[in-house]
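Chains as they are written, first to last, in numbering that gives the first Met the number 0: chain S, 0 to 281; chain A, 0 to 85.
Mixed in with the good hints there might be a few duds.
[Claimed, not checked] One side only, chain A facing chain S, incomplete, derived with CB under 10 angstroms:
| no. | residue |
| --- | --- |
| 1 | 18 |
| 2 | 24 |
| 3 | 34 |
| 4 | 38 |
| 5 | 39 |
| 6 | 71 |
| 7 | 74 |
| 8 | 85 |
Honestly, the hints are just simulated from the structure, not real lab data. Yeah, the Cβ is synthetic: ideal placement off N, Cα and C, and Gly gets one too.
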Amino acid sequence: MKFIHKIAHLIFPRESNNQKAKLLHNSSLTLITFAFIFYQLIISFVPRFAPKILGFAANISPDEVVRLTNEKRIQVGLSPLTLDSTLSQAAQAKGADMLNKGYWAHAAPDGTQPWVFFTNFGYKYRYAGENLARDFSSASSAVEAWMNSASHRENLLSSKYKEVGIGVIEGNLAGVDTTIIVQFFGTKYVDTAPIAPIAEAKAAVASPISTLVPAKVLVSPFNVTKSVSLGIVGLLLFVLVIDGILVSKRRIARIAGRTFAHIAFLGMILAIALILRVGRII
Amino acid sequence: MKGISKHLPHYFVLFGVLFAGILAFILFSYDRTFQTIVAVAVAISYVIWGLVHHSIHRDLYFSVVLEYLAIAALGLVMVFSLILRT
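Let the hints inform the model, and build the full structure from the sequences given.
The following block contains the structure:
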């Protein structure tokens, strides 16, 4: 019975909580805010003490990235790209280079351009391009993100490219385990035409190509943050609705903010939490 | 509900601001800096709306101000955390 009273004290406006659900008191809201900040600090520090728990790990198949890329090209009437093993090795090397040197960019901090990886692996190009993605949970979400960006879509749907190489690599970047996808586009230099990179590219270092990244069980910091945020906002919205109905029904006069305004604001937070998607492309 | 219909123009303004915030998050999904600015702007607008609304209604008290600030701060902390981890 004591437990039920405590729950009622938290959720329903009654005499014990001065006719306002305890969860909606300023002290409770402040406590929830600080608890959330503390929770975020824990998430930020966990990788330092317990690596391989938090991070982004995805079972992304390079073949699937190629298939989806070609699907997009065929849809606009372009010929599909051929998967080139040399390009894939170069892409894998670029991904490894980013992890080794700890950067997330097309050019390495020492100025190394992505095209260097093409030539390091003996791929003499007439045209070359690069797309990068990280933290995506699937090949399709990464390809869709590229398609939604004008510059990346331009690479993906360029008629100048004949071949593609995909590198998918997992590792620790800036303290968080992540999965990086490197997509190299190219057309071999077969005549006397000058070498011409046509699109911004990004990094590489050598290692054999894997066709499938082994799946790892990691907890995504974004997903746990999103779940907890949705849980808290959902609970507060529920309590606000109950509180609003009971206060209106019982005609309780009290000094407080507008329940309807709070519901609207937290509704917006809920919508934003649902809209935000994880994954970055450059 | 009586209070809502009585102050409908007030709520239209609030809904307009909140809806614009959601729209900005969708349209500028690629720009995290802009999203952060939008979140701060909407939270500030929400608190100001509360102050003006209660002031007009002649029931503006310190605890009410704190209530708006507490909810705005909680919402901001959540949005910042999510943006940081995208």
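How the hints compare with the structure:
1. Taking 10 angstroms as the C-beta contact cut-off toward chain S, the hint placing residue 18/A at the interface holds, the least distance being around 8 angstroms.
2. With a cut of 10 angstroms, the hint placing residue 24/A at the interface with chain S holds, because the nearest CB-to-CB distance is about 5 angstroms.
3. Satisfaction of the interface hint for residue 34/A is found here, the shortest Cβ-Cβ separation to chain S being roughly 8 angstroms, below the 10 angstroms cut-off.
4. The beta carbon of residue 38/A is positioned within 10 angstroms of a beta carbon in chain S (closest approach about 7 angstroms), and the interface hint is therefore held.
5. A least Cβ separation of about 13 angstroms between residue 39/A and chain S goes past the 10 angstroms threshold, and the interface hint is therefore violated.
6. Look at residue 71/A: its Cβ gets to within about 7 angstroms of chain S, closer than 10 angstroms, so that hint holds up.
7. Checking residue 74/A against chain S by beta carbon gives a least distance of about 4 angstroms; that is within 10 angstroms, so the hint holds.
8. The beta carbon of residue 85/A is positioned within 10 angstroms of a beta carbon in chain S (closest approach about 5 angstroms), and the interface hint is therefore held.
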